[in-house]
Every structure is written in structure tokens, then in C-alpha cells.
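*Asks:* Heads up, the final residue of the sequence shown is numbered 478 in the numbering used here, and it's a clean run with no missing numbers.
What the hints contain is simulated information worked out from the structure, not anything from laboratory work. We treat Cβ as the ideally placed atom computed from N, Cα and C, and that holds for glycine. Check each hint, because a few of them may be wrong.
[Unchecked claim] In silico lysine-lysine, DSS-like type, Cα no more than 25 Å apart, as pairs: (1) Lys400 - Lys380; (2) Lys340 - Lys400; (3) Lys340 - Lys386; (4) Lys54 - Lys75.
[Claimed, not checked] Estimated spans, in silico, between C-beta atoms of each pair: (5) Phe29 - Glu307: 36 to 44 Å; (6) Pro45 - Asp113: 48 to 56 Å; (7) Asp113 - Asn34: 44 to 52 Å.
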Amino acid sequence: MRYEMVVGLEVHIELSTESKMFCDCSAKFGGEANTHVCPVCLGMPGVLPVPNKKAIDYAMRASLALNCQIAPFTKFDRKNYHYPDMPKDYQISQYDKPIGSNGYVVIRTDKGDRRIGIRRLHMEEDTGKSLHEGVAAGSLLDFNRAGVPLIEIVSEPDIRTAEEARLYLQKIRTIMLYTGVSDVKMEEGSMRCDANISLRPEGSSEFGTLVEIKNMNSFRSVQRALEYEAARQQSVLESGGRIVRETRHWDEGRGVTFSSRSKEEAHDYRYFPDPDLVPLEINQEWVDEVRRALPELPDQRFRRYVEEYNLPAYDARVLVEDLALAGFFDEAVAAGANPKAASNWIMVDLQGLLKGEGKSISEVKIKPSHLTQLIDLIEKATISGKIAKDVLVEVCFTGKDPESVVKEKGLVQITDESALIKAAEEVLAANPGPVEDYRKGKKNAIGFLVGQLMKATRGKANPGLANDILRKLLDGSV
Numbered sequence: 001m002r003y004e005m006v007v008g009l010e011v012h013i014e015l016s017t018e019s020k021m022f023c024d025c026s027a028k029f030g031g032e033a034n035t036h037v038c039p040v041c042l043g044m045p046g047v048l049p050v051p052n053k054k055a056i057d058y059a060m061r062a063s064l065a066l067n068c069q070i071a072p073f074t075k076f077d078r079k080n081y082h083y084p085d086m087p088k089d090y091q092i093s094q095y096d097k098p099i100g101s102n103g104y105v106v107i108r109t110d111k112g113d114r115r116i117g118i119r120r121l122h123m124e125e126d127t128g129k130s131l132h133e134g135v136a137a138g139s140l141l142d143f144n145r146a147g148v149p150l151i152e153i154v155s156e157p158d159i160r161t162a163e164e165a166r167l168y169l170q171k172i173r174t175i176m177l178y179t180g181v182s183d184v185k186m187e188e189g190s191m192r193c194d195a196n197i198s199l200r201p202e203g204s205s206e207f208g209t210l211v212e213i214k215n216m217n218s219f220r221s222v223q224r225a226l227e228y229e230a231a232r233q234q235s236v237l238e239s240g241g242r243i244v245r246e247t248r249h250w251d252e253g254r255g256v257t258f259s260s261r262s263k264e265e266a267h268d269y270r271y272f273p274d275p276d277l278v279p280l281e282i283n284q285e286w287v288d289e290v291r292r293a294l295p296e297l298p299d300q301r302f303r304r305y306v307e308e309y310n311l312p313a314y315d316a317r318v319l320v321e322d323l324a325l326a327g328f329f330d331e332a333v334a335a336g337a338n339p340k341a342a343s344n345w346i347m348v349d350l351q352g353l354l355k356g357e358g359k360s361i362s363e364v365k366i367k368p369s370h371l372t373q374l375i376d377l378i379e380k381a382t383i384s385g386k387i388a389k390d391v392l393v394e395v396c397f398t399g400k401d402p403e404s405v406v407k408e409k410g411l412v413q414i415t416d417e418s419a420l421i422k423a424a425e426e427v428l429a430a431n432p433g434p435v436e437d438y439r440k441g442k443k444n445a446i447g448f449l450v451g452q453l454m455k456a457t458r459g460k461a462n463p464g465l466a467n468d469i470l471r472k473l474l475d476g477s478v
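Take the sequences, apply the hints, and build the full model.
*Replies:* Right, here's the structure in full:
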């Protein structure tokens with residue numbers, strides 16, 4: 001029997017506010033343990049939480065960017081459960097009236113576009129951290145993170161492959177970066193994901209037994225965990241076994257999921273409205289204000305690149321997925337660069353350099369105007385494309401403008417025909433073998449000779465002119 005994977009994802013994203021969700025403690029990542037705390041986020045008796053308006057604005061902005069409807073009436077609820085890093089023994093969250101609902105995102109797969117529904121987006125507070133490593137007995141608790149504002153984005157069970165899950169997560173991350181509501185750094189925990197997966201026979205409309213997977217800290221981890229769990233469940237079903245509804249954790253080192261506890265139901269948390277927090281009424285004026293503040297979103301930018309700049313869809317997608325590179329590209333084009341030339345240099349040469357150095361665009365000294373100038377020097381035949389690659393490296397690490405680098409290093413392209421003829425004659429004299437091959441009909445031998453001429457001129461010969469002069473000398477027409 002062939003089985004179909006059914007996946008829904010729960011994505012937790014910490015909001016980039018200065019203070020926590022219900023108190024004025026710092027929401028900054030890290031810090032000495034238990035220094036970003038107060039009686040409110042420590043859950044002391046008698047304290048009163050106060051909602052962070054910026055966090056609510058950010059939740060609305062994220063909802064609108066994900067095509068969600070904003071609830072005109074919403075409230076905060078207590079989600080009751082005991083865990084060591086929950087000082088109150090409950091988490092302030094939203095249960096039946098989330099701030100956003102009925103949204104969607106579109107992901108692009110090899111088989112075409114797929115629309116993934118978003119069931120809800122709700123606000124809540126983060127928990128603290130339990131620290132186990134390096135502790136001889138028991139665990140240490142750090143409450144700096146307790147109370148940091150979160151949004152949880154719950155997808156519909158519309159995802160059918162592990163790759164689609166990865167693409168969906170990457171799309172959510174990109175959208176959140178564009179909106180500016182979070183830095184979505186998975187390595188710091190500001191973006192986390194739980195996956196719900198079940199299998200069903202292909203063609204069936206019934207859902208299988210759901211299993212939740214936790215502890216996935218990268219896009220690759222999510223894809224690997226889902227692939228493993230799907231194979232595990234299929235093996236159980238094919239052997240006549242039964243899938244148990246449970247929560248499993250992903251072990252990155254061993255590449256397996258393992259059972260940790262039975263899966264909770266909503267009633268296990270005993271939700272009820274938080275008596276210390278009044279409901280929120282969100283009028284249309286507030287929604288419109290947040291909507292007007294939305295920046296250009298990834299899909300809008302993609303369409304602009306394709307429709308206005310005639311970029312291939314692949315180029316547009318690569319640029320759009322990196323907010324910093326997309327901004328760099330826009331500034332270079334605004335300064336006068338040819339869009340296709342700019343995208344080629346950014347995607348191939350600049351990205352290759354950054355990857356090799358392990359740096360981001362903000363960590364090197366090149367400016368968009370530098371790239372525009374570099375492209376202009378190539379188009380004017382002042383330098384060759386090969387020389388331009390060396391100039392790019394110099395600009396990235398010194399911050400000097402390309403024209404200055406070209407002048408300082410004497411890199412101006414040789415276009416003087418008489419000078420190139422003399423150099424070409426010397427190359428032919430020094431390479432009789434390839435010359436003989438060419439004259440015997442092996443025309444591709446000229447490639448070697450062009451390379452030798454470029455080497456003799458330290459890459460400064462105009463490649464087209466060099467090729468033309470060599471052909472004429474070899475054919476006896478000079």
C-alpha cells in the first residue's frame with residue numbers, strides 16, 4: 001500500500017520588541033542568567049501583567065503579511081501546565097480567539113506553486129530555559145527568556161512532503177524578516193518549529209493518527225525528522241502495528257525520533273480567560289494603520305523583479321529570499337546598474353565570495369554604488385570581466401571604489417590593436433604546437449592561444465579583440 005504524508009507545522013517566533021510581553025524587563029537575547037527578570041515575569045503573587053502594545057502591533061503586522069483576518073475581538077487565556085521553567089505554572093496565551101486566522105502562504109516547488117493554509121496566529125509569552133549540560137545533579141533555570149513575546153503560527157494540514165515543510169518554513173522566515181517583527185534566528189531560538197505528522201493511504205480523505213515532533217533547530221532538521229518519522233510510521237503500519245498518538249523528540253546526532261510523552265489534548269491545559277487581562281477590541285482604524293506600515297513583501301518584490309526588470313524567475317527568487325542582498329540589488333539598480341548584470345554579479349561572484357569567507361553582505365565593505373561603477377567599467381570596456389572579478393575582491397575588503405582600484409593597479413584593459421598584435425605574435429612564436437594544430441584544422445586550439453595572450457597581458461587584453469587578432473594572424477590576414 002502507498003501512503004501519503006500529512007503534515008501541519010506550529011512555528012513559534014519571538015518578536016523583536018525591546019521589552020517583554022507583559023512587563024518592562026529587557027527582551028534582549030542572552031545576558032547573565034536571571035538578570036532580565038522582575039516579579040511579573042517570575043510569576044510572583046499579587047503582580048499584574050500589562051500587554052505590550054508594540055508586540056500586539058507586530059502580531060497584527062505578521063498576521064496581515066500572512067494574509068490572515070484580524071479578529072475584531074480577542075483575549076488572553078491561561079494555558080495551565082507544570083514545567084520547571086514555567087514559574088507561574090501557566091502560560092499566558094490565546095485559545096479560542098486568536099488575533100489572526102484563515103491565512104495562507106504560497107510556496108514554489110518543482111511541481112509548481114502550492115498554497116499552504118494558515119489556521120491561526122496567536123500571541124503568547126515564551127518560557128524560561130532549563131540548563132542541563134555541565135550540571136552535576138538536577139538542572140539550572142534561567143528565566144531571562146520567560147515572558148518574551150511570541151507568536152505561534154499554526155498551519156493547516158496541507159503539507160504533503162518533507163521538502164514542502166522546509167520550503168514553507170523558509171517562506172515564513174523570509175516574510176517575518178521582511179516585516180521586521182523578528183530576527184528569526186533559529187540558532188538563538190527566536191524561530192522554533194514543532195511538526196505534526198500522520199500517514200494515510202493514498203486517495204484516502206481520512207487522517208491517520210497524529211504524532212508531534214519537537215526539538216528541531218534548523219530547516220534541515222525539520223526535513224530529516226519528517227523523512228525519518230514517515231518511514232518509521234510506514235514500517236509500523238506495514239507490519240500490522242498501530243501508530244500511538246504521542247510527542248516524539250528529534251535526535252540530530254543519531255538521526256532518529258524517540259518517544260517522550262503522550263500527546264496532550266486542548267482540555268489537558270484547562271484553558272480559561274486570564275482574569276488579570278482585559279479583552280482586546282481591534283477596530284478597523286487600528287488594522288488600517290498597521291497595514292499602511294507594511295513594507296513590500298517577498299511575493300510583491302518577486303513580481304516587481306520579473307515584471308519591471310525582466311529577471312528570470314530563478315534570479316528573482318534567489319535575490320528575494322535574502323533580504324539584505326535584495327536591498328543591495330535595488331540600490332545598485334537605482335544607482336544606474338543594468339538589472340540583469342547586477343543580479344548576475346550578486347548571485348554568482350558576490351555570493352560566492354561571501355560564502356567562501358563565511359561573511360554576510362553587511363560584513364564586507366562593498367557598497368551598491370561600487371557594483372554599479374564596476375558594471376559600468378565593464379560595459380565601457382575599461383576593464384575585462386576577468387579583471388573585474390579581481391577588482392570586486394579588492395573593493396569588498398578595502399572599501400575603495402572600483403575606478404580607484406583600477407587606476408592604482410594599472411588594470412585598464414588593453415584595446416590598442418598594435419600593442420595586442422605585437423603581444424599576439426610573441427605568443428604564436430612561443431607556442432608552435434597549438435599554432436600547427438590550428439592550421440591543420442583543430443580550430444579549438446585557439447582557446448589555448450587566447451589564454452596565453454591573456455596571461456601575457458596579465459588579463460588586461462580585451463578578450464574579443466585578442467581572439468580576433470589571433471585568428472587573423474593564424475589565417476594570414478594581418
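*Asks:* For each hint, tell me whether it holds in the structure or not.
*Replies:* How the hints compare with the structure:
Pair hint Lys400 plus Lys380 holds up; C-alpha atoms about 20 Å apart against a cutoff of 25 Å. Only pairs whose Cα atoms come within 25 Å are accepted, and Lys340 paired with Lys400 is accepted, the gap being roughly 24 Å. Under the criterion of a C-alpha separation no larger than 25 Å, the hint pairing Lys340 with Lys386 is consistent with the structure, at around 18 Å. For the proposed pair Lys54 and Lys75, the alpha carbon gap of about 16 Å is at most 25 Å, so the pair holds.
Between Phe29 and Glu307 the CB atoms are about 39 Å apart, so this pair conforms to the stated range of 36 to 44 Å. Range check, Pro45 to Asp113: Cβ separation about 53 Å, and the 48 to 56 Å hint holds. Between Asp113 and Asn34 the beta carbons are some 47 Å apart, a value that agrees with the proposed interval 44 to 52 Å.
Consistency with the previously given hints is maintained throughout, with no hint failing.
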